[in-house]
Structures are given as structure tokens and as C-alpha cells.
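Asks: Starting from the two chains in their separate frames, assemble the complex, guided by the hints.
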Amino acid sequence: MILEAIVQLGQMIVVLALAPLLAGYVRTLKARLLGRRGPPLLQPYRDLLRLLRKEVVLAHGASWVFRVAPYLVFATTWVAAALVPTFATGLLFSYAADVIAIVALLGSARFMLALAGLDVGTSFGGIGSSREMMIASLAEPAMLMVVFTLSLLAGSTQLSSIAAFMQGPDVGLRVSLALALVALVMVAIAENARIPVDNPATHLELTMVHEAMILEYSGRHLALIEAASFVKLLLYVSVIACAFAPWGIAVAGQGFAAYLLGLAVYAVKLAAGGLLLAVFETAIAKMRVFRVPDFLGAALMLGLLATLLLFVSRVA
Amino acid sequence: MVLEGLLWCVAALLGTGAAAVAVARRRTATALVYGISLCVTTAAFLAAVASLLAPASLGGTLTLPIGLPWLGAHFRLDPLAAFFLVVVNLGAAAASLFGLGYGRHEESPGRVLPFFPAFLAGMNLVLLAADAFTFLFAWEFMSLSSWALVMAHHRRPGNAAAGYLYLLMASLGTLALVLAFGLLAGPSGGYAFEAMRQAPPAATVAGVVLVLALIGAGSKAGLVPLHVWLPLAHPAAPSHVSALMSGVMTKVAVYGFVRIVFDLLGPPSWWWGALVPLLGGVTAVMGVLYALMEHDLKRLLAYHTVENIGIIFIGLGLALAFEANAMPAAAALALTAALLHVFNHSVFKSLLFFGAGAVLGATGERDMERLGGLIHRMPLTAFAFLVGCAAISALPPFNGFVSEWLTFQAILLSPALPQWLLKFLVPAVGALLALSAALAAACFVKAFGITFLGRARTPAAGEAAETDRWSLAAMFALAALCLLAGILPGYFIDALAPVIQPLTGTNLPRQNELDWLTIVPVAQSRSSYNGLLLCLFIALAAGLGAEVIHRWASSASRRSAAWDCGFPDASPATQYTAGSFSQPIRRVFGTVVFRASEEVHIPAPGDARPARLHVRLRDVPWDTLYLPAAGLVSYAADRLNRLQFLTIRGYLTLVFGALVALLMVLSVWQ
Chain A
1 MILEAIVQLG QMIVVLALAP LLAGYVRTLK ARLLGRRGPP LLQPYRDLLR LLRKEVVLAH
61 GASWVFRVAP YLVFATTWVA AALVPTFATG LLFSYAADVI AIVALLGSAR FMLALAGLDV
121 GTSFGGIGSS REMMIASLAE PAMLMVVFTL SLLAGSTQLS SIAAFMQGPD VGLRVSLALA
181 LVALVMVAIA ENARIPVDNP ATHLELTMVH EAMILEYSGR HLALIEAASF VKLLLYVSVI
241 ACAFAPWGIA VAGQGFAAYL LGLAVYAVKL AAGGLLLAVF ETAIAKMRVF RVPDFLGAAL
301 MLGLLATLLL FVSRVA
Chain B
1001 MVLEGLLWCV AALLGTGAAA VAVARRRTAT ALVYGISLCV TTAAFLAAVA SLLAPASLGG
1061 TLTLPIGLPW LGAHFRLDPL AAFFLVVVNL GAAAASLFGL GYGRHEESPG RVLPFFPAFL
1121 AGMNLVLLAA DAFTFLFAWE FMSLSSWALV MAHHRRPGNA AAGYLYLLMA SLGTLALVLA
1181 FGLLAGPSGG YAFEAMRQAP PAATVAGVVL VLALIGAGSK AGLVPLHVWL PLAHPAAPSH
1241 VSALMSGVMT KVAVYGFVRI VFDLLGPPSW WWGALVPLLG GVTAVMGVLY ALMEHDLKRL
1301 LAYHTVENIG IIFIGLGLAL AFEANAMPAA AALALTAALL HVFNHSVFKS LLFFGAGAVL
1361 GATGERDMER LGGLIHRMPL TAFAFLVGCA AISALPPFNG FVSEWLTFQA ILLSPALPQW
1421 LLKFLVPAVG ALLALSAALA AACFVKAFGI TFLGRARTPA AGEAAETDRW SLAAMFALAA
1481 LCLLAGILPG YFIDALAPVI QPLTGTNLPR QNELDWLTIV PVAQSRSSYN GLLLCLFIAL
1541 AAGLGAEVIH RWASSASRRS AAWDCGFPDA SPATQYTAGS FSQPIRRVFG TVVFRASEEV
1601 HIPAPGDARP ARLHVRLRDV PWDTLYLPAA GLVSYAADRL NRLQFLTIRG YLTLVFGALV
1661 ALLMVLSVWQ
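Same order as they appear, the protein sequences are chains A and B. Taking my numbering, the leading residue of the first sequence gets 1, the next gets one more, and so forth. Taking my numbering, the leading residue of the second sequence gets 1001, the next gets one more, and so forth.
Bound conformation, chain B alone (with noise of 0.2 Å):
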């Protein structure tokens, strides 16, 4: 039933698509087009979160005659797909909903528009997908779609290069998850899920396939060091596209790892648990780093996912880690925690494109340096934008806050894993965990003051206005959703009971019945969080020093120049800029991770050339991995080459003699 209307709901987006070729060209085609996927894309949001609340009408099967002629196409609608329909319908809904608003200024909508409800139909399709074919094609689809909006404005520097390591890398991920579900099929070539799952491979096999897994499922999310691709194609599509990709298909990503490890690749061993969650942590500790040295705004939010991508995988790797022991409530614990936080991340981060958004369509600048002042011209986004930043640094009330707390828990009980390494390893990933959030809260306390504080660099930052209604609501509504999500976390957490059940065996205990909406995730005297009543305290404490203050103390105030000790300078260019922010970041951690160096040029006195500073960076992944696997490559293709200008006597030999080594192959192998 829900499954029918959910695959309707996908065929209406690409008829959107289709029909959308044809009418790109009139006016009216980017409200038409927005307008229907807000409206298809709210409904399958409505009815997964229906589904989600009402687990008993799940399990639906579909076998569709389309696709592989043996196999068919498999469609289910289990918790799990569920949950994440939600988070994608959700993110997809709001995306259209800013579209509306900021696809108006589009310039090029005929190559915007037919694509973006393709997208969002590849990404409900994977979600749907329940037989290996239609999952790889679903996300090949996805990619293709994806990369098609990468490219709309492929005439900017940088763009196309943007493209084209995406499309490498996206590529490069699906090879790995064919190889994936090569392995699960086994040599029997059960391609439906439900046939891989009676069926689990034998441990040395289902190790490859995890690695597999992390890394075509990690190249799509973005794990270091596969995660080159993501900060470079992730701003380059439109901004709402960006909220998608970043907020929304790196959580398509995290859905395939999940599905494929823990659904489907039966019980897991505990070395699984050690690499998952150390690949997690570093993941979370470079992208925030890499995003603290970053200026471009939008580009500064895409590294930042890759940090939050890490964080969500050192929650599914401590889940792996408990499961292999036999604990399933602490595994439970940490898969919620995930689960979760890759809700929380979706909204926040969708938030925070649609704010980088809005700044791009109000100045034409993403370069923070060019930016300032912003919260004088554009008050309410600045709004939205702060709640988004205070969300994803995990600052109490919100809710970011709530899925870091509920990973630092089950961090908390990992000295109960029998393995040593395990034992000495978690911890470590805990202080990875840690020295990230912290970051993460320096990374947007440089954000958010660098673009929306202090005084305009740029005339086109001091003339900025105000963002379009629909802009506005997307906005809000996500940044209400940041808040409530932080203050009554119970109601999320038991959401997500159906979704944990039938992956580790438990659930956390139910949540809504405690006093005040308090989240207990082990135990009352473990620990505790109350989101609500510390949101009430704060609010209530600012509030009685406000009155108390006002009402017998002094509540003058006069306006005047700005102190600065003495000497305030009346050029803008006198603030602090993004780059001075990090400065004293990159001298503790950019010498060690990122080599780097600065090199001063002062002149001889008298002259009257201004001083410099050169900052030079170096992305070790990229220099050590990419680079030489490049220079490999094209070495290769030159060797290669000579092939292509062989007389026919030279080809018809080589054609005999790969036919005699693969019947040599085949001889050998029986």
C-alpha cells in the first residue's frame, strides 16, 4: 500500500523531470517544478513518517517486471527504508521549497530543472530498492542526476573539474559496492536481498565486503581519504542542490553502508568494529580542520559534512564494535546515536546551504573574506543561520547537542568489550570525537561572525537585502525543527526504536514515559539529558537577569564609536577576516596535518611596496594518494596506446591469444 504510493510518488518526480525538458524555456516552469516536487515530496515524506510510526503496516514486497529479466525489480518497504525516506523526503521537501524562492534567479533553469526531480527520484529509489540491480541502478541514477546539477553552471572556473572528479569517484564507488553485492550474491546469483540474507557470506568474504561497503559507500559520503570529490562538487551545484547533496545524498550513502553491513552481511567480527570507527574519527577530525581553512562559505560547509560523516560512522562502527561482542543494548545505543545524528545533520546542514544560499543570492559573493555585516541587511537569515550554527556544534539546547551526547555514551561502554585493542582504541576515538566538536564550534563561530558580523568588507555585502519568503520559510521551518529535535529527543529516539529492533536485536529503552521528557539511554543513575528543562532554565535565567537588570539597575544605553582601545580605524579591512580567524588553528594543527607554511615578504625599509603573507596548505591525501594514482594511470593509457595502432595481423593475434589465455583461465579453474 505505502509502498505503492511511494514508488508512485517516485514516478511522478520523473515524469516532473520529463515534463520539465519541454517546458524548462517558459516562465512559469520553476514554480511549476518546484511546486510539484514540494508537493509529491511532502506526501512521501507524510507517508514514510506513517510508516515509521506504524511499523505494523511495513514489510510490503513489489516485484516489478522491469529491470533484469530473471530477476525483476524488487521493492520493500522495511524501518529501516523507511527511516531514511523520512530524512531524504524531508531534506527534499525543503529543498523545493527555497527552490521555489531561489531557483527564480536561476540562469540557466533548462539545465536545473528537469534534473532535480530525477535526483530526488534516484534518491527514493535506492532507499526502495530491495534486489541489487535495481539498488546500482537507483544509485547510478542518483549519481548521473546529481552530476548533471554539478554541471549546470559549467562554464565557472572550476566547475567542470568539479564534475569530473565526481564523476571519477562516483564511478569508483559503484565498482566497489558491484564488487560488493558480487560477493554477497555468492556463486549462486541471488541478486534479491531477501535471498542474500538467508544466505551470509563466510567471514574472510564478508570481510572484503565490508571493506567494499566503506569504500563505495564511503566514497559517496565522503570517509577520508575518499572524500576529495565532495568539498569541490557539493558547492558547485546550485545552493539548493548543495543543501541535497550535502544535507540529504550523503545520507543515501550512509543508508547503502547500513544495508549492506548490517542487514545484510550477517553477524560482523570485531576487527570491524576497530576500523570502522577509527576511519570515523579521523574522517571527523580532518573535515573540520579542512573546513577551518577554508574561506568559501559553501565549500566550508562541504568539508564540514565530511566531519559529520564522521561522526556518524564512529556511531555505526561502535555499533558494529558491540554487536560483534554480543551486547545489543550498547549496540543499540550507539546505531540510535548514528541514526540520529544523520536526521539531526540532514536538517541542520540543509539549513546552513539554504543560509550560504540566500548570502550567494543577495551578493553574488561566497567568499567570506568579501562578506561581513551581513546581519544588518539580511536579520532573518541570520536567524536561521545562527540556529543552524549553534545546532551543528553541538551546542545544548539543540539538537546536535543530543546524538553527540548519546555517541559519547556508548563510547562510555566500551571498557566492557573483551577486545584490548578495542579497549585502548575507543577512547582515542572518544578524544577524536571530542577535539572535533570543538572545532566544530571554532569553525562556526568563524562562519557565522566572519559573514554575518562586524562591518561589510565588499559594497556588495553592505548592500545586500533581505531573502525571498520562500527562501525564508524553508529556513525556519528547519531551524524550528533544529530546536524541537533538541528539546524532545525522546519522541525521535522512540521513532527510531522500529529501525534499531530488527538490526542489533534491541532498543533502547522507551523514552516518552520518564518525568519531563528527560532521555535515559542505559540507566537513571548513568546518565541523563533534559533538553527541555535546560532550554526552560537557560531561558528563564536570562530572563530574570534581563527584568532584574532592567527593572532596578540602570537600562540607558547610547550609541557611539566603537572603542578598539583607543585607535578604532574606520576601513573595514582593519576586522579580523576569516583567514586571521584560524590563524592561530592552523599554526597548533595546519603544521602537522596540512605542512603548513607561511612565508613572509616584508620590504627593506623605504620602500613602499606593501608587506605580504603567503599561506601555502598542502592536502596530504591528495598529494600521496591522488596524484601518483593519477600519474599511474596516465602512464598506463600512454603504454596502452601503442594498441590502438597495431596492423590486423597484430590485433587478430591478440585476439587469439586472449582467447587462448581465458579458455586457459577456465581450464585451470575446474
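For reference, chain A alone in the conformation it holds in the complex (with noise of 0.2 Å):
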């Protein structure tokens, strides 16, 4: 009990200490494949320490919504990432929440931050707002579709117990999880407004979609947001590493060492992870706003594709 608890804390600093290297490292590593040296790897941390030290230029039409939203956005993703097993299975807390519920949280998380798009009421906040909401009404049932394939695999929809099975031995090589995990890519990329649904480093007005969202914010309530988003990075890679590639990850009562190596290996899977992001991202265009919803929907099919081989394979 007391060392289950002491995991979730872990869990709970690990995704938060770990959330903006991650992004750091992707950063410099899409950089060097563009024959750039760019920031150094800490940037994201000294960026989000500069913004926290910075005052709040609130626009004058912002109501309670503009400034509540930053704190529920970070606390809402955070706790879903918290609930992901990285490094060990067998949190404290992870019966809370299954995988549809950790989804559902980050959908409460893009509610409110679409919500704070449209409160100042400006063209761009709106323009972001709408088309985060139509990424996300085809994201999310096409992760839905995903989690339905693993879950009627394993016989449960708790993060844990998939990866307790997809260790096991009666896995093998299924049709329908290669087509769960490219869906599953395609709905993270989506989601975390990378290249080539969105571009996290542009700043041409009328092609962003998440930062047009948040153009209005300045300060500590950036700083909350550009926390959260980088934490929602490192859930997808987890949610990816937990269900598709769950070797290494320590389970509950094997001791210590077991723990640091689990540790270790969490470390390397969000290395390669970072690495085959970058590499995709330098190698790809992004792509006009109305071809996104073509991109979801093969993601969608290709879910709901995983779901129903899944009954042709069984018999097989």
C-alpha cells in the first residue's frame, strides 16, 4: 500500500519533471535533421520559468473562464497522466480511472481551452477553438475505436491489465493491433497538433490551429498551458509504449530494482519515441485544414477495421 502510493507520487513528478525534456529533445533532435543546431535540450524548462516569472496581460473582455481554464487544462491532463502506467503498473490510484476515462479527461481538458478560445472573443481565438473541436470530434472516437480493439483483446479496460496481457503469451502477431497502432499514432499526432495535422512552431496566423486557441495568453497562465500541452506529449507516447510495447515496465511487488529499471527503460522508450517523431515530422508536409478531417477519418476506419478483424482472426 505505502509503496503504491509512493509509485503514484513518483508517477506524478516523473510525467511532470520528464514532460518538457521530452519536448526539448524533440525539438533539437527535428533541428539537427534540419542541419540546424537548435535550443539547447532545457530550453522548455527555462521557458516555462520565464513565462511563470512574467505578469498576465488579461484583454478586456476576459471573464472567470479565461483565467480558470489554464489551471483545469494542467490539472486535468496532469491527473490522466498520472494514471498512465509509464514506468510500473500497479499505481494506487489507477481503478480510478480506465483508459475511456483518461480520454474523456483530456476531452474535459480541450473543452475548457476551446471554451477559453472563444471567451475574449477575438477572430483567431474562435478559429482555433472551432477547428480543435473538429479535430477532436473525429480524434477521439477514432482513439475510442483503438481502446475498444486493445480492450476486447485483453478483457479490460484498465491501462494495467492490457499491459499486464499484451506481455503475456497469447498476444501474437494480430492484424488488428498494427492497424490499432497506426491509428493510434495518427489520433496522437492529431492530438498533440504536431506536423501534419498542426505545426507547434508556427506562427503564420491562419494555419494554427492549437496556438491560435491560446493567442490571447501571456504569463503564468501560458506557462499552464504549454505545461499541459507538453505533458499531453508524454501520455500519448506513454499510452503508446504502455499498450504496444509494455517490456521493461515493473510490476507491483518485484522490488526496488525492479522499479529503476523500469525506470530506464521508460527513459529509452520515450528516446525512441521522440526520435520516430521527429523523423516523421521532418519528413512530412503539414496539411491544408480540410485534409485533417480525411487523415482522422483513415484513423477512425482504420479503428473500427481493428475492431471487427478482431472477430474474423479469432475464429481463424
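Read the hints as simulated data drawn from the structure, not as lab findings. We put the beta carbon where it would ideally sit given N, CA and C, even for glycine.
In silico SDA-like pairs for lysine to any residue, Cα to Cα no more than 20 Å straight-line:
| id | chain 1 | residue 1 | chain 2 | residue 2 |
| --- | --- | --- | --- | --- |
| 1 | B | K1423 | A | L308 |
| 2 | A | K30 | A | A272 |
| 3 | A | K286 | A | N199 |
| 4 | B | K1423 | A | F311 |
| 5 | B | K1423 | A | V312 |
| 6 | A | K54 | B | S1555 |
| 7 | A | K54 | B | R1559 |
| 8 | A | K54 | B | S1560 |
| 9 | A | K30 | A | A271 |
| 10 | A | K286 | A | R27 |
| 11 | B | K1423 | B | A1329 |
| 12 | A | K30 | A | A283 |
| 13 | A | K54 | B | A1556 |
| 14 | A | K54 | B | W1552 |
| 15 | A | K54 | B | A1553 |
| 16 | A | K30 | A | N199 |
| 17 | B | K1423 | A | G155 |
| 18 | A | K54 | B | S1554 |
| 19 | A | K54 | B | H1550 |
| 20 | A | K286 | A | I195 |
| 21 | A | K30 | A | E281 |
| 22 | B | K1423 | A | V175 |
| 23 | A | K30 | A | A201 |
| 24 | B | K1423 | A | L309 |
So, partial list: chain A residues that the calculated Cβ filter (under 8 Å) puts toward chain B:
| id | residue |
| --- | --- |
| 25 | A75 |
| 26 | D119 |
| 27 | L152 |
| 28 | L308 |
Pulled a few chain A residues facing chain B out of the computed Cβ check, cut under 10 Å:
| id | residue |
| --- | --- |
| 29 | T122 |
| 30 | G126 |
| 31 | A223 |
Replies: Printed below as a string of C-alpha cells:
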């Protein structure tokens, strides 16, 4: 019980501490791949600290929704990330939310952020919110179809149980899993506003989605939102790692060494995930906004196909 | 005992309605009618809650010597009726409380006050009825009294047409129910529910009854494609009546379906479990897409009722599929999910309609394009409305999420179904459910964001004032219930156990004894959810973040003009509108579902006229089903019109011919 509590607390700290590093790592890698030197690895931490020290400039029309949203967005994203097994399963509170609830928590965060985008009453905030909800309206069902596939296989919607099942002997190579993995990666790209759906580094207003939504934010509010988006990226990499590459994850009752090993393996997984993301992002061009529905519609169809193929492959 | 008390409540409501005819012109009449309605429905609510929590006290029956002479009027209070009485009277009490404040602005109280208690009485009577005649009588009474309320403002454009359509659809639904009960009663004509229960019909007849029940109850509930009247009629009524019609009367329709199909009809066939969830899934997605295209706040909410009815029917249909395959535990889960959503939806939909009513009262506007910035003028209404929006968008930790989560859990049990059609269909329905949940979030970002956030788009919105205390009390009570049912779902699920038990033969495991009030519908290893812990965690994390930042980082802030990429525009017309907010979704889904087309008229260079954008949406069920049907009816009426201008000989020949034909039919029949 106490050990589980420590692991849970450790997990909360780990996701928060590692998230900016992952973002900085991807940025640096991307810069290197493009032949630039790029910012130092720790730049996101410095950005956050700098933003935290600055004063907040609120627009005249901003209501309490605008001021409360960053805290709620940060809190829900952090809680969701804290409930995904990263380096160890058997978290103390993992029963509080299964993977459907984690998806819904991220939905809550997005809901608040989209409202905040509309709060000041500017056209850019509106365009960001509107497009974000359009993307989410396809990405969320696609994500849930992936969840369906995994939970039908594992017989559980708890991520710990899914991870345990995927390590077990009766997984086998399945077409469904491959399709689900592709769909999940596509959803992760869209949800984290990465290329080709959105560009996290863009400052061309008309192409922005996520950045347009948070255009009016500054100071500590912006720091919280940035931190939340770092945590969200980490969360998606962790979910992919936990469901599709659960090897090395520490199981409750294996002792201290297992946890250390789990942490090391987790760091390797993050590094691999970040590398793949950076390579993918440099290799591909951003698409027009109205191509995104095709992209995500494909993800949704892949997810549905993965679920349906499950029954076929089970018979064979 | 309780049954008699509830019947007295119905009688008291009817008496209030009758008395209101006489006193409606007095100034105190509004307070009196809503006050009495509030007291009576609160009493009925408490009685129903008490009998649901202590099921031993249930099961009383009563026969009154009214109605058909050889039948009498049968009344019975069983757990299913008790649960729906809770839903109805909770919504009714909240609407009465809201009406205490809102009703004061009513311009024609004489058209509302008599029918409001009568409507409440009709809904209660439907739930208590235990024979077909009483049920149908109460059903029609409910329909007609709500029709009168829809027609309260009959001079406003569109309302008369809405009332006419409502009347037509209600008649169609009742016709289907009459036929369904006729088939259930069989040749022996046992119209008491008890007699129907004793002699369930054969499988083919049962299938026909199911379809008739889907038409009868589904048209009242708003199943696509029978939904067309709902988004017109619900918003036409005064707002607290809209809340009742959308939040509560649709639940009475769900009750009718559950009563006929789960209670009276005997064991289900497996294809019912394919038909009903498919209809539910299509209804859910269509409903939310219609809602997204809508800019009238009340009509948006009414369309969104269609979506939630779809979710409820997905749950009911899954329960049928599981029951047909002798999987009682899974059926209990699906039915619990559906009934919990019935309760949840009645709570947040009433809340949202109250909010829309408060906005309408404060600004005189229902069109979201003419609102905006109300959060500054009506902060309390805005807060309550926001809670309702979060709950209806199925966001944790509110109650809407719990019932959708349970529905997903039921869907995940579907691979154990033996029929291949169901195996493939149910995950696809799951995809539809996921799609509708995600679109609902977009819809309510729009509803709240355009109405309450941003800058006021008209002077009316800029000068709105906060609504009265009665209305606020009603809204905040329901908002608190949204959170309560979201963080303590175990209690609500346990309270449903006596309802589920007789219908499926089993129950979900008791939820209250689990650690930290977690809900575990199937097994610990399979899935669990704890809204209380999540809510605590979110509060803690947000509080921790705020504390750390305000202690160690900057807490300075200053007000300035909006940044807006350096080109802020003072005109509120430059904000995103409801139409522009839903434009991406219209482009993605609308081109298929609504055959949406846009026409852009750009004047030639140098021409000073403004550019214009026309969006055309087609309502496909209306164009393909209703217009041809209406055309057919008027064609037939034209032809039959000749029969009205016959000579006396012609009429006599006609009567004689009809008599001979009927006698022929009779002789062939026997």
C-alpha cells in the first residue's frame, strides 16, 4: 500500500518532470535533422520558468473562464497522465480511471481550452476553437476504437491489465494490433497538434489551430497551458509504449531494482518515441486544414477495422 | 398506501389545473399554481424515492371503477414505475420552482397556468397506469395538455405549424400504441397489464409489437426519423415547459417502450437487439449533427435531446440483445446504463433549458448569433449553464460521463454474443456513440461559447440582467445534482437495482461497499471508474498548481486590449459566430448528411455591395419521407373529396355496398 502510494507519487512527479525534456528533445532532434543546431535540451524548462515570472496581460473582455481554464487544463491533463502506467503498473489509483476515462479527461481539458479560446471574442481564438473541436470530433472516436480493440483483446479497459496482457504469451501477431497502432499514432499526432495536422512551431496565423486558440494567453497562464501540452505529448507516448511495447515495465511486488530498471526502460522508450516523431515530422509536410478530416477519418476507419478484424482473426 | 398517495397527488394537480382556469387572471395565480405544483410534485418525488429505496413497500395495486365499464382503471406501483416517477417529479418540481420566477413574465398566463399542472398529472398517470386503456388515456391526456402548452404563444410565427405537426405525430404514435396493445391483449381482450404479462404473444406477433412500440414510443421520444416534430414543438413552449417536454416527457416515452418491450412482451428475439441499437446509434449521431447546425439556442437543445434519446436506446437495445442470448449480467449492465442516462439526461437537459429560458427572459433572444458576453451580465446563470454543458458533453467528473461509460462497458461485452450480425454491428454502434459524444462536446462549446463568452453582439445582450432567485435556485439545485450523480454514481446505480432485477432477472454487483465509492460494473480486473477520486485529484492538482504559482512565481496581472495578432477590431461582428464555429463540421459531415451546399456571391471589383454567403441544408428525412407522405395524403384527400358531393342514391348505394363488403369479410373470416 505504502509502496504503491510512493510509486503513484513518483509517477506524478516523473511525468511532470520529464514532459518538458521530451518536448525539448524532439525540438533539438528536429533542428539537427534540418541541419540547424537548435535550442538546448533544457530550453522548455527555461521557457516555462520565464513565463512563470512574467505578469499576465488579460484582455478587457476576459471572464473568469479565461483565468480558470489554464489551471483546469493543466490539472486534468496531469491527472490523466498520472494514471497511465509509465515505468510501473499497479499504481495506487489506477482503478480510479480506465482508459476511456483518461480519454474523457483529455476531452475535459480540451473543452475548457476551447471555451477559453472563445472567451475574449477575437476571430483567431474562434478559428482555433472551432478547428480544434472539429479535429477532436474525429480524433476522439478514433481513439476510442483503438481502445475498443485493445480492451476486447485484453478483456479489460484498465491500462494496467492491457499492459499485462500484451506482455503475456497469448497475444501473438495480429493484423488488428497493427491497424490499431497505426490509428493510435495518427490520433496522437493530431491530438498533440504535430505536423502534418498542425505545426507547434508555426507563427503563421491562418495555419494555426492550437496556437490560435491560446493566442491571448500570457505569463503564468501560458506556462500552465504549455506545460499541459508537454504532459499531453508525454501521455500519448506513454500510452503507446504501455499498450504496444510494455516490456520492462515494473510490476508491483518486484522490488526496488525493478522500478529502477522500469525507469531506465521508460526513458529509452521515450527517446525512441521522440526520435520517431522527429523523423516523421521532418519527413512530411503540413496538410491543409480540410485534409485533416480525411487523415483522421482514415484513423477512425482503421480503428473500426481493427475491432472488426478481431472477430475474424479469432475464428481462424 | 404510496400508490393512493400518488393518485391523490395526481388528483390535486388536476384540481389545481381546473382551479387555475378560474383564477388565471389574478396576479397571485402564477405563484399559487407553481407553488402548489412544487409542493405536490415534491411530495410525489419523495414518496417515489422512498418506495424505490425500500422496494418491499411496492407492489400495491388499485382498481377504480372509472374508464371502461368492464375493465375499470387499474393502477400499480412497481419499481420501474417508481424510478420513472422519481425522474418525472424531480423534473416537475424543478420546473415548478423555475416557473415561480420565470412565469411572472408570462404575457398570457391564462394559456399556461391551467395546462401546466394538468400536464404534470398526465405524465404521472401514464406511469401509474396498469391497463392499456388507462395508459392510453393518460398518454393522450399528456400529449394534448403539452400541445396546449406548445400553443400558448400561438401567434408567434411558426408555433401554430409546430403545434399542428406535434398533434399529427402524437396521433400517429398513439395509433401505433393502440395497435400494439391490441396485439398484446390478443383475441381474449385482456387489457390489464397483468393479463398481458400472463399470456405473452408468439414470436412473430411480438416482433410486430416491437416495431409498433418503436413507432409509438419512439415518435414521442424523438427517434430518427420520427423526430421531426420535436425540435419545433419543444422550443415553442415557455422555457420551463420546454424543459419538461425535453427532459421529462421524452422519458415517459422511454418508459412506455420499456414497459411494453421489457415487461409485457415476453422473451426477446435476437434481431431486436440489432434493430434497436442501430436506430439508437443513427439517432444519436443525426441528433447531434442537427444540433450543431442549429443557431437557435432552444432548438439546439431540443435537437440534442434527440441525441440523448439515441444513447438511451443504444443501451436498451443492447439489453435486448443480451437478454435474447441469456446473458442476464450483461443485460443488467446495459439496462442500468440506459436508465441511469434517463435520469442524468432529465437533470441536465432541464438545467440547460432553464438556462436558455433565463437568457430568453433577460434578452428576449433565442438566436445565438444575437447573443454573446452574457457571462459578464449573468454570471450565475452562466456558471450553472456551464455545468450543464460539461455534464451533457459526457465530461468527467459529471454525471453524463458515468452513464456513457457504462454504455461503453456494455458494448465491450458484445463479443460474447453468438450472432455474427450483432458481433459486427455492436462495435459499429460503439463508433457511432463515440462520434456522437465527441460531437456533443463541440456542440456545447458552441452553445456556451457563443452565447455566454466573447462580446455582446446586440444591445439586448449587452444590457441583460441576472435572472431571478427562484430560477437560479432551480438551476443550481440541478447543477449540484449533476456533480453529485457524477462523483457518487454508486448510490444511483444501487438505487436502480430493484428496477433492473425483475426486468433482467439479475443485478449489477452492489457498488456501495467498494473502496472509495468506485464503480465496478463487471469485475475488478475488467474496468472501474471513480468520479469522486478524479474530482478530488483535479481539484488538488489545480489547487496545487495555483498555490505554487502564486507563492513562488508571479501573481501580477494587468488588463489591456486584446492582442488578436496585433489587429484587434472593436466591432463585435468580427467575432466567431455560431455559424462560423460549426462551419468545419458542416463541411466534414454536413455535405453527406445534410447535402449542405454553400453559394458565395462576390461582387465584381469596384462594386460596393457586400459579399454574401448562402448555406443550404437539406433535412433528408423530411424531404424523403414526410413531404411525399404529405403529398400522398393530400392527393388521396382530393380524390375522396368527391364522396362528399354524391346524391342521396349514391350515398345509399355506398352504405349498402360497405355493409355487404363487411358481411363478406366476416363470413370469410369464420
